[in-house]
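Could you build the full structure based on these sequences and the hints that come with them?
Sequence order for the protein chains is A and B.
For the first sequence, the positions run 1 to 301 when my numbering is used.
For the second sequence, the positions run 302 to 598 when my numbering is used.
Please keep in mind that the hints were generated in silico from the structure rather than gathered at the bench.
Built from N, CA and C at the ideal position, the CB exists for glycine as well.
Treat the hints loosely; a few may be bogus.
Chain A regions said to be covered by chain B (calculated; three or more residues, Cβ under 8 Å) [said to hold, decoys possible]:
no., stretch
1, 41–53
2, 59–72
3, 274–285
Reference excerpt, derived from the structure (chain B facing chain A, CB under 7 Å, subset only) [what the hints assert, rightly or not]:
no., residue
4, K305
5, V309
6, L349
7, L350
8, A459
9, E554
10, C558
11, G561
Now the in silico label distances, taken between C-beta atoms and shown as ranges [as the list claims (entries may be wrong)]:
no., chain 1, residue 1, chain 2, residue 2, range
12, A, D295, B, A373, 34 to 40 Å
13, B, Q467, A, T211, 54 to 60 Å
14, B, R384, A, D295, 44 to 50 Å
15, B, K344, A, E286, 26 to 32 Å
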Amino acid sequence: MNTQTTIAGVTFKNPVMTASGTFGSGMEYGEFVDLNQLGAVVTKGVANVPWPGNPTPRVAEVYGGMLNAIGLQNPGIDVFMERDIPFLKQYDTKIIVNVCGKTVEDYVDVVEKLGEEPAVSMLEINVSCPNVKEGAIAFGQKADALYNITQELKKHARQPIIMKLSPNVTDITEMAKAAEAAGADALSLINTITGMKIDIHRRKFAIANKTGGMSGPAIKPIAVRMVYQAAHAVKIPIIGMGGIANADDAIEFILAGASAVSVGAMNFVNPYTTVEIVRGIEAYMERYHVEKLTDLIGAVD
Amino acid sequence: MKQKTTAVVASQKEIAPQIYDMWITTDLAAAARPGQFVCVYPKDKSTLLPRPISICEVNADRTALRLVYRIAGQGTAEFSGYRAGDDIAILGTLGNGFLEAVGIDSLAGSMVQDDVEITADKMFSGKQVFLMGGGIGIPPMVQLAKTLYGLMSREAAAGGVPADGQDVKDRIRIIVGYRDAQTFLREDLEQYGKVYIATEDGSVGTKGNVMDAIAGNGLSADKIFACGPMPMLRAIKAYAGEKDIPAYISLEEHMACGVGACLGCVVKTREVDHHSHVHNARICTDGPVFEAKEVEI
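If you want it as structure tokens, here you go:
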């Protein structure tokens, strides 16, 4: 049985990754799971300088999921390269670094620094975080803006780039096509869906930022639909995510057209989710006599 | 080592309106420290996130944890329905703990009082300590009082002073604030220190809050440990600053992961935090206990 999957020339031992922002740089969850068993660790977003993030409360529970508005708190690329990359290099897993910024120059700065680190296999460009006021999603909700930043980053990036798409758009295929046309090597979707929760007893917003990004099992059908639509709109590979809780969910995304999958909010519910999905996918392949994982990609009638 | 595991409910009872006292049997008890917490997961899949609940007490052979909590929403309402023999999913043990915050490793000896290392300077020798709890911040004071009682008794003995239990109890001043006469955990606390009570309605002890109880009883301390609502912690921070007393406060915030990955539960810090490289520390991992002067609350 071959569980490998290849995206933009990078081969992963299996299709199971971590969704950016839910797994830090693996240090915390490394206490629970063997990081060597993961296809890749996708890190928390990193900017050119440290970002303090948003005020608290930053998280709230909603039916079948959660809202977050962390605001991309991160220690900045210099600390990240001195501390987080060496940590991850100890493991036999691919490293994908999520990159965030407020201006195109911010992104370019980070992308160029990461270009000097061959241990980083791919870059995931965060143009879809709904929780920061400038940058980020401003680049990810208009096709022309997405095209422009993608094209610019391709000039500077030494690793293949994955554009992480927002679901908070009218037509996901338009965004997917714009990224592809500008030279993106792959897409990842979906980022969180903008939501809101109000505490009716205190008459206050549950999250200080008022709105937050919704994730968790409740958003999965939306994510599966968008991955399917994007997969039929572009030829570049897709990393699917949004509410994946178990191997069944992961396979659903792969059948919808994803070449790999990421586990996000469910890490918080069950810290062993990622490795359980790796085992579960193998069991599924055995049960249905699937020899190569790649045979499952988009294999829905 | 942190792990998510299935524990078994040994007993549960309501000890005050909406306040539940649950003992659970779990291997995680072996590594628990006073002031740490566990994350408890509801079974209802519409409520996915874990509920952080402080450890109230550990049994003598370190095989069970006592959780005393208030029903605050759907998750805790579900927990309150658990009966002896039911499974309960927990992640733990989490956070630093009160004694770690003052530089004492209480992990090695954990909850067995005699095992907690005495520091070279006999930190508590001859000293008076405030243990301050407000409302549902009172439960973690039980194990802290128990551990401190053991530690301070040993320090007294090591200093040549006979280990007079009364002297130690007099120096552990437990100041607790309740809404009314429902003074849950009072008898537990009275085993290890002198308990001063404040009630909002004045039905027991000093009328008012824990600060009123300090003033009303003319109390002073060399060190403060506290857990309770934010207004109480702010008042303690101000009081400790004014009197120049080191105060260690246990903070609470909405959490998602409980292990330091999601950055949901941060508190603003005076200095740049060593991990985040911004003025934010993670309550779940760097805390929940912080020296009051180090955090902006």
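Here is how each hint holds up against the structure:
Coverage of the stretch 41–53 of chain A by chain B holds. Counting CB-CB distances below 8 Å, 5 residues qualify, and the rule asks for three or more. For a cut-off of 8 Å, the count of residues in the stretch 59–72 of chain A with a CB near a CB of chain B stands at 9, and the three-residue condition holds. Counting residues of the stretch 274–285 of chain A whose CB falls under 8 Å from any CB of chain B gives 0; the rule of at least 3 is not met. Annotation: interface hint on K305 of chain B holds; nearest CB of chain A at approximately 6 Å, less than 7 Å.
Interface restraint check: V309 of chain B against chain A, minimum CB-CB distance 19 Å, threshold 7 Å, status violated. Given the 7 Å rule on beta carbons, the hint for L349 of chain B holds: about 5 Å separates it from the nearest Cβ of chain A. Among the interface hints, the one on L350 of chain B holds; its C-beta lies about 5 Å from the nearest C-beta in chain A, closer than the 7 Å criterion. The closest approach between the C-beta of A459 of chain B and any C-beta of chain A is roughly 36 Å, which is over the 7 Å cut-off, so the hint fails.
A least Cβ separation of about 6 Å between E554 of chain B and chain A falls short of the 7 Å threshold, and the interface hint therefore holds. A distance limit of 7 Å between C-beta atoms decides the matter here; for C558 of chain B the minimum to chain A is near 4 Å, and the interface restraint holds. With a least beta-carbon distance of about 5 Å to chain A, the hint placing G561 of chain B at the interface is held under the 7 Å criterion. Hint check: D295 of chain A to A373 of chain B, Cβ distance near 49 Å, so the stated range 34 to 40 Å is violated.
Remark: the range hint 54 to 60 Å for Q467 of chain B to T211 of chain A is upheld by a beta-carbon distance near 58 Å. Remark: the range hint 44 to 50 Å for R384 of chain B to D295 of chain A is upheld by a beta-carbon distance near 49 Å. At roughly 30 Å, the beta carbons of K344 of chain B and E286 of chain A sit within the given window of 26 to 32 Å.
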